[in-house]
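Trainee: So you can see what is in the structure, the chains are spelled out below.
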Amino acid sequence: MNEQKRLSVIKTPFLDALREIYPADRLLAGSVQALAYESDALTAFNARPQAVVLPETPDEVIETVRLCSREQIPFVARGSGTSLSGGSLPVAEGIVIALNRLNRIKRIDAETRVAVVEPGVINLDISRAAEPYGLYYAPDPSSQSICTIGGNLAFNSGGAHCLKYGMTSNHILGMTVVLADGEVVTLGSASLEGVGVGPDLVGLFVGSEGLFGIALEITVRLLPKPERYCTVMAAYDDLGTAGDAVAQVVASGLLPGAMEIMDRLAIKAAEAAVHAGYPPDAAAIVIVELEGETRQVDEEFKALQAVIQASGARHIHIAKDADERARIWKGRKSAFSAVGRLSPDYIVQDGVVPRGHLGHALTEINRLSREYGLEVANVFHAGDGNLHPLILFDGNQAGALERAEALAGEILRMCVALGGSITGEHGVGMEKKAYMTTMFNETDMDTMKAIRMQMDPGLIANRGKMFPGD
Amino acid sequence: MVKAIESCVHCGFCLAVCPTYNVLGEEMDSPRGRIYLMKSVLEGKIEQEDAQPYIDRCLGCTACVPACPSGVQYGELLIGYRGQSEAQRNRPLLDRVQRTMIRETLPYPDRFRLAAQAGRIGSLFEQALPEQMRAMIGLLPQQLPPAQPMPEIYPAKGPRRACVAFLSGCVQTVLAPDINHATLRVLAENGVETIIPRGQGCCGSMMMHIGETPLAQQLARKNLDVFPTDVDAIVTNAAGCGSGMHEYGLLFAHDPAEEQARAFAERVQDVTVFLDSLGFRPPQPLPQPMKVIYQDACHLLHAQGIQAPPRRLLGSVPNLTLLELNDGGLCCGSAGTYNLEQPEIAGELGRRKAERIIRLGADAVVSGNIGCLTQIRTHLEAKNQAIPLYHTIQLLDLAYHGAI
Amino acid sequence: MSLQPQTIADVQDIVRAGGHLLPRGGGSKPGLSTPTRGTTSIELRNLAGILEYEPGEYTFTAYAGTPVAEVATELARNGQYMPFDPLLAGHGATLGGTVAANTAGSGRYRYGGVRDFILGVRFVDGQGQLVRSGGKVVKNAAGFDLSKFMVGSLGRYGIMVEMSFKVFPRPAVYHTLMLRYGSLADALQATFRLSAAPFEPDAVDLEPQPDKSCQFLLRVGGLESTLPDRIDRLRTFFNDQSAAIDQAHILKGDEETALWIGINEFEWTPSQTDAVVKVPLSPRQVVDLDRAVPDSIRRYTCAGHVAWLAVSKVELLADTLTRLNLTGLRLTGEPGDVILGSRLGLSMAQRVKQALDPAAVFGEA
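Residue numbers (our numbering), protein chains in the order written: chain A, 31 to 500; chain B, 4 to 407; chain C, 97 to 461.
Simulated from the structure, these hints should not be mistaken for lab results.
Some hints here could point you the wrong way.
Claimed, not checked - DSSO-like mimics (lysine-lysine), calculated; alpha carbons at most 27 Å apart, straight line:
| id | chain 1 | residue 1 | chain 2 | residue 2 |
| --- | --- | --- | --- | --- |
| 1 | B | LYS294 | A | LYS360 |
| 2 | C | LYS308 | C | LYS409 |
| 3 | A | LYS298 | A | LYS136 |
| 4 | C | LYS409 | A | LYS194 |
| 5 | A | LYS298 | A | LYS255 |
| 6 | A | LYS298 | B | LYS6 |
| 7 | C | LYS409 | A | LYS332 |
What the hints assert, rightly or not - Sample of chain A residues facing chain C (criterion: CB under 7 Å; computed from the structure):
| id | residue |
| --- | --- |
| 8 | ASN186 |
| 9 | LEU231 |
| 10 | GLY389 |
| 11 | MET469 |
What the hints assert, rightly or not - Ranges of calculated distance between the beta carbons of each label pair, as one might list FRET restraints:
| id | chain 1 | residue 1 | chain 2 | residue 2 | range |
| --- | --- | --- | --- | --- | --- |
| 12 | A | ASP476 | C | GLY145 | 24 to 34 Å |
| 13 | B | ARG354 | C | ASP384 | 35 to 45 Å |
| 14 | C | GLY145 | A | GLY164 | 43 to 53 Å |
| 15 | A | THR468 | C | TRP364 | 31 to 41 Å |
| 16 | A | GLY164 | C | ASP391 | 34 to 44 Å |
| 17 | C | SER321 | A | PRO162 | 51 to 61 Å |
Ideal Cβ positions, reconstructed from N, Cα and C, are used throughout, including at glycine.
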């Protein structure tokens, strides 16, 4: 039977109620359609929703949430499905609210440096729209060409340039949200202070992983595009020396916009993907980027050069123009997916350690890699101490996934033991919920659960994420 | 196919550049989604028939291929999958009629000419026709230019720098025979002698892309036989043909002709690439300054990675300023027979492209593919915009002859 | 009544004993920390001291009662600072009070406010439980971010006892460019033009004057070798672009430092002031607000994103703020209503209140 015909056959009171809100072409309830939405960028998990809806107005989202609340049907808000933590994994008995068509940039006030956008707007599109005014939206997850601001907000996404200006949370000033029980609240403002008076509810909502509700309209802050970038790529003969170099840059009192490290495997993969011009024989490269007023950057560059030269770099290269800078970053931002060229499967980790423990952490990851007999590629935001070990395995081999997961678990526990975090920017989602209790004790967890119960008494909003055993 | 599917890590980077995803915003209409559906069909999890509408909606523009960090060869995957599924599918009557018309006319210039003329007559009854057919007719020009037979050999002007064999193609020779003649003249201006092998025919690319593999092989085989091997290059001025002929090796995989097909494919070059690497001789300055948009044809930019050469040729013309659309080379919706098979999405993409062009404000639009030119002209005209359109080579030809 | 816990356990015991509690740090914002009748003041000044500080990490952890001045001194020893620019350091402001009241100074313009630099917090909730949220590293996305929630929470949701912050290397030198415009509107126009320019000032303050003119202060920090050039460029930029009515004036050295300390210590407020009120707003709302409060002393920091008003009639201001759909926080004056004007998200705040302090030991949301 034809898919479209089969659709109209499925009749439940809930689906009928959805049909009151959505025309047929925006209510996807066929098995093939549900299949396409069963995973995000973490395919280790999948679940087919009973339907996917494509709202085109905030009111449709509100109506849908209220319907779900009334009928106690779980819902998962989804943008482009690029979560690396399984954050937008559907719930089998629930629906997916796909926000891709809620993608209007409603207002750019260049003079006060704010933009008001809908949740389905793509991260990079904000910067594109702001560009004519000399402004940009700073947080730059590697998936910025496709990930949506709603997803960034839910998971407090980071990126390579978080050192100076912070993560998503530091760039959201206000929002209108529909809470899981259907109440609509407006938080924050168009002031740089955001909430400014009273508890920072914007700060609480950002990073709540969709467990409180859905943001319908978001006010973000824009920054002036730096007048000058100075992107330095230094090659090292071993990963440890590269790690030390980062510590030395920090100690020198410089505040770069970004500081990244890639190891041999990651370089190889990224180079195959985008021909970024990375030195192929280096054990590690450090990418340091200074940004700001030309005069200041030029002066800082002298200091940086001295530090890098003294750090044991084998080779130093400075991006000569915007094109080369773009290539260097494209390589870095493609690195995760590019590892798909080296291995049929991999797990991406996102642990954070204090910068001073980077060297130790890398040595330990190396040791674990040997112990488990699994290759690990390292790409990370060194300036933030945010590690992204990619554990390579072949899912077709019996027990390989389990071994990889066990190795991943050891790395996370190490990060916590060193005083760090289980996730820097990908969020807990499905993937790391089992490790929440290594970081938070029972009281901490109970407190978070109590807050969640207040926001979503029916536990219908993105059920199954963040909390273990949920 | 299995390898292409397995190398997809589901990261979603391809969504950003996918025209259908841009228009529809649905996971099934993205490269990642389609790969997932194809995988599920091959694994027997879903019926081929249920996945088909979404595979059909793919333009085959392959913008996702260069965007993919994991190196998924989506183009090959799609051709392979379509070839396999076409044999098994049961299309509705109207679809079948349309496909038969496409199959039986497009690759053959004489038949296509007749059909196109008949189509214009058919347009008198347009309102009575099903929508699908109306789309076909809507794309035909009001009047077909007279046929212009090609010579067997076209000599170089001045000392000969190179000798090439030229694919004269099928649809284009009917709709715009001038493009081929302009190509001969521009090659000659650059000291290139051109052989136009007799007995050649449609390259088969279009049939390859819509899953008509046996017909594609039959058409291609003819060309393998008649094209000489002792030329500097096999040159084409059609983006789709160039990209299709580059895939001859794949088309003849496990066929006795595979070796010959690969060798053929390696000699194929788009005319702009050939001229650029030969060392292009810039024409005289244009009589007055002209702002030109170069619109990337998907089968040049995405399928063959040709971005700089045509821009360099055009940029070398004194008094010509190139404008960039900056839309990431998003498909205009033409995509071979796509605007016939998926008129709604093709129409939306065409409208978007036309709007961008109008916003940019240019004196002319240039592209390396007849399909793009037809599509863009249709949508510019719908907005009452009379911006002239040229094939890259036509504009260069006019520049050489001071006719612009 | 006031209690002075010595340890975190003491705080927990006090909370478990119940009653109506109001935490107090250095008392630099008396409007917020003076207990009313029936409320017990929990003095946190003994729960003080830096617990961890690794300059290489750009982070520190300290007890809530630690004076910000003490932290600033320690950071300065390592060439670092708190970029959110805590207010009232000279009046004994503590970290806890700065977070609870969300009092960042003019310097927050460059990199962000209190919320942007707090990394983690430990607090005692309404049932006396010690809860941790966030972390001690500069990047962390695990769990609900209650440390941000606590910014501006005014001690109504729990008593913060310990917090971790991110810090940055401090600019070696500061210069300040002073310009005068014919009106506040003209000065605002100057900030609007600055918005699209790639300059990176640390602070942009506007001070309306009694004669309707407006003083425009632009603080720039950086390397000593580059600062004169950068200031020069800014001066040229403003000369070319806007209608300043006076020659630009440049402040340096001690004079410059003293100017900004004075601003952060509220020295610009007249002594007979009823209250100092913070009002976050869009620069688009500045002219309307300014017109509505002609009798107060006003200062607009952060390029017009935050208003500071020294008023003599708080009730009038409350009405004005409600009318303009703005919210204000009264830092000084008599205890009582401290949040003035309209309130957004109150119902959501009440939900959190239910979770953290259902018995309302710390007052209402």
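Trainee: Could one say that the CB atoms of ARG354 (chain B) and ASP384 (chain C) fall in the range 35 to 45 Å?
Mentor: holds (42 Å)
Trainee: Just tell me: holds or violated, for the beta carbon distance of THR468 (chain A) and TRP364 (chain C) against 31 to 41 Å?
Mentor: violated (50 Å)
Trainee: Hold the hint about GLY389 (chain A) up to the distance rule: shortest CB distance to chain C must be less than 7 Å.
Mentor: For GLY389 (chain A), the interface hint is violated, since the closest Cβ of chain C sits about 12 Å away, which is over 7 Å.
Trainee: Between LYS308 (chain C) and LYS409 (chain C), is the straight-line Cα distance small enough, at 27 Å or below?
Mentor: holds (21 Å)
Trainee: Just to be careful: measuring from the Cβ of ASN186 (chain A) to every Cβ in chain C, is the smallest value less than 7 Å?
Mentor: At 5 Å from the nearest chain C Cβ, ASN186 (chain A) passes the 7 Å test, so the hint holds.
Trainee: Can we keep the LEU231 (chain A) interface hint, with Cβ of chain C closer than 7 Å?
Mentor: With a closest approach of 5 Å, the LEU231 (chain A) hint holds.
Trainee: Are the Cα atoms of LYS298 (chain A) and LYS6 (chain B) separated by 27 Å or less?
Mentor: holds (20 Å)
Trainee: Assess, step by step, whether the Cα of LYS409 (chain C) is no farther than 27 Å from the Cα of LYS194 (chain A), and give holds or violated.
Mentor: violated (41 Å)
Trainee: For the hint 24 to 34 Å, verify it against the beta carbon of ASP476 (chain A) and that of GLY145 (chain C).
Mentor: holds (29 Å)
Trainee: Just tell me: holds or violated, for the beta carbon distance of SER321 (chain C) and PRO162 (chain A) against 51 to 61 Å?
Mentor: violated (34 Å)
Trainee: Please test the hint of 34 to 44 Å on the beta carbon pair from GLY164 (chain A) and ASP391 (chain C).
Mentor: holds (39 Å)
Trainee: Hint validation: MET469 (chain A) versus chain C, beta carbon distance must be below 7 Å. Holds or violated?
Mentor: holds (6 Å)
Figure legend: structure checked against the earlier numbered hints; hints not met, in rising order: 1, 3, 4, 5, 7, 10, 15 and 17.
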